[in-house]
Each structure stands twice: as C-alpha cells, then as structure tokens.
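Asker: Throughout the sequence shown, residue numbering follows this note's numbering, covering 1079 to 1451 in sequence.
What the hints contain is simulated information worked out from the structure, not anything from laboratory work. None of these values were measured; they are calculated from a predicted model.
Calculated cross-link-like contacts (lysine-lysine; reagent style BS3-like; alpha-carbon spacing at most 30 Å): (1) Lys1226 with Lys1194; (2) Lys1383 with Lys1108; (3) Lys1151 with Lys1108; (4) Lys1216 with Lys1175; (5) Lys1284 with Lys1261; (6) Lys1226 with Lys1175; (7) Lys1108 with Lys1386; (8) Lys1139 with Lys1151; (9) Lys1151 with Lys1194; (10) Lys1378 with Lys1108.
Distance windows between CB atoms, simulated: (11) Asp1113 with Leu1204: 48 to 56 Å; (12) Glu1379 with Asp1113: 28 to 36 Å; (13) Ile1380 with Trp1195: 43 to 51 Å; (14) Tyr1245 with Arg1423: 27 to 35 Å.
We put the beta carbon where it would ideally sit given N, CA and C, even for glycine.
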Amino acid sequence: MKASLKLFLILAGILICQPVFSQENGPGLKEMFNDAFYIGTAISYRQASGEEQAAWPLLEKHFNSITSENMMKWGPIHPEPGRYNFVSADQFVELGKKLNAFIIGHTLVWHQQTPKWVYQNEQGELLGKEALLERMEKHIETLAGRYKGQVHGWDVVNEVFEDDGSYRESEWYQITGRDYIIKAFQKAHEIDPGAELYYNDYNLWKPEKREAAIALAHELRERGLRIDGIGMQGHYMLDSPPVELIEASIIAISNAGFKVMVTELDMDVLPRPRASEGADLNKNYALDEKFNPYKDGLPKEIKDKFAKRYAEIFSVFYKHRDKIDRVTLWGLHDGASWLNNWPVRGRTNYPLLFDRDFKVKEELIQSISPSKF
1079 MKASLKLFLI LAGILICQPV FSQENGPGLK EMFNDAFYIG TAISYRQASG
1129 EEQAAWPLLE KHFNSITSEN MMKWGPIHPE PGRYNFVSAD QFVELGKKLN
1179 AFIIGHTLVW HQQTPKWVYQ NEQGELLGKE ALLERMEKHI ETLAGRYKGQ
1229 VHGWDVVNEV FEDDGSYRES EWYQITGRDY IIKAFQKAHE IDPGAELYYN
1279 DYNLWKPEKR EAAIALAHEL RERGLRIDGI GMQGHYMLDS PPVELIEASI
1329 IAISNAGFKV MVTELDMDVL PRPRASEGAD LNKNYALDEK FNPYKDGLPK
1379 EIKDKFAKRY AEIFSVFYKH RDKIDRVTLW GLHDGASWLN NWPVRGRTNY
1429 PLLFDRDFKV KEELIQSISP SKF
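Work out the full structure, taking the sequences as your base and the hints as a guide.
Answerer: And the structure:
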C-alpha cells in the first residue's frame, strides 16, 4: 500500500471515530444561562403524564423551571362546582420535583378558560360581588393549598389590562371591580406565604400597558400585599415588537422595584390577520391557506431571520440578567405550540427552539449562546 494512501486511511479513521460537536452533545440551555436566569418551559398534559417520552431528555438537559400550560387553569382543574380534577396538576408537580425545577403555577385567576358557572348562581343569574369573591377565594385556597410548599411561584392574576392600559371589562371586573385582583393576591399569600406571587400579561412592551401593570403592582404593595414580580409574556413575531421597546419595559419594571420574568416566550413565523397582535384568545380565525405558507418546512430566508431575531432578543435578556429572574418558553417543541391554532386554527408553525421531532435547532441554539453576545 502506498504511504500516501495509508496516511489518508489513518486520518479518515481518526475523523470518523471523533464525535462531531453539536448542541445534541453540547451544553444545555440551563447550563448556557446558569449565571443569568432560570430557563423554563411550559408543560403539556402529555409531557406531565410521561406519555410523550421523548420530552424527558430535553427537559432534563435544558430546563430548570417549568410552568403548567393549561392544567392549573380554572376550567381544566375545577370544571364544575365542588369538583376538582387534580390528576394532571399532580403529575406536573411531580415532574418538577424529578427535575429539581423551579415550579410555576399558572394561573389562579383569569378571564379566559373560566367556566360560566363560576360567575352564576344555580338559577344561571350573575352572582353578586361578595358571592363571587368568596367563590374565587375558595378556589385559591383549594388549589394553592394543595401545592403549598411545592409550587414555588404563582401567576396569581393574568391579563387584566387592555393594550391602552385600561381595565379589561371581564366578568370579574364587571361584578367586583378591581377587588378581585386585590383579594386574589391577599388570599394566595395567606394560603402559601412561602410562594412568590406575580402579575402576568402580554404586550407589556407597550408603554401604556406596562405603566398600568406597574401602577397596579405598586398599589398592591402599598396595601401591604405581596407581589414579587411582573411577568412579561413574550409572544413575539419576526418583525414586532422592536427590541428597544422590550428592553425599555425590562428596565422600567426593574427600576420600579419588581422582578422581571419573561414568560410565554415564542416567535410566530407565519403571517397573521390584522388585529391579532398579542395573545387574546378571542381573536381566532378559521384556516385560510394564505396564512399557512410553510406546511413543508421553513425556507432558508425565514430560518435565518428567525435565528437572528431570537439572538437579538436573547442578547437583550442576557444584557439585563441582573434584572430578569426567569425566561420561560411557551412550549417544549413546535408540535406542542399553541401557535399552531392561534390566531388561525390548523396551521403549521415553528416558534420554538426544538422541532416536531424533538431535535435541537442547531443554528438557532448556537445563535443565542451568551458567548455570541
């Protein structure tokens, strides 16, 4: 055998035997950001139950915080008067313990996914203020009480403001005014004084809405109530909102004396109908194929734009790691994302860091590495 050929085969063998570095065998997200903030994800029913077995390696490697996506909302966990369904919520909490994760309960009070019976008496008439507040407090006592000392933080009240900073005219507000917010924080702290308590909302990059949330948080503290932080839902798009507005809200909330949580982070890569900015579940449309252009995968141009956008946003998060306590993605992988069905039902979306086959999006993960900032 010629010496040159022999040398070539030896070198080839060495290269073949060497493992190729990739994010599959590289550091996980929680390791990448271990000096910055918790990295969290929303947990689905199938992931909590263990049915989605491929989820476990990703959860174990990448995340040190988890949030219940739907299983602790009023409708799923308390569907009828006097009846609770704790099976999935129990599984979620046990999963968090196995992961040694910071566990977030979501959410105690919200205008969506709350059954109509909550606001009504046995005759179907609207409850009075005191009766509704009593019903809400009993719900919080039962739910937060069951997981006392196990859930580390609660989204106590969710999405009470319109984008202009005015109060949402929900049934809660129509019947009780703002008292339901005050009573919810009061009761949550009474039931589990060791848990952190948050207000959570979308589009807090809008100054009017952000300032309304800060004013509410100040008022709660002035009343002697516990509120630890404000959750900025990160339901972003490829070209909106500007990162400068996201950064301005991080700074404003922190300067006001509250922890910042980036919650429900995802990136919608698909075109939307008009008037569907944010996360208002009432704005939902039937499938129109013009809003579902990438059924067979993203073109390179969109992939590149997607990675660049995530990198810009994470660079802001890392810059302000002294202010941000947690960054939580809203779903583990593309197939589990709510954005496949909002604001247009039945679409194929690609908003997260892992694809439908539970594979790491290599270039995307590498682009958000702190070493790149």
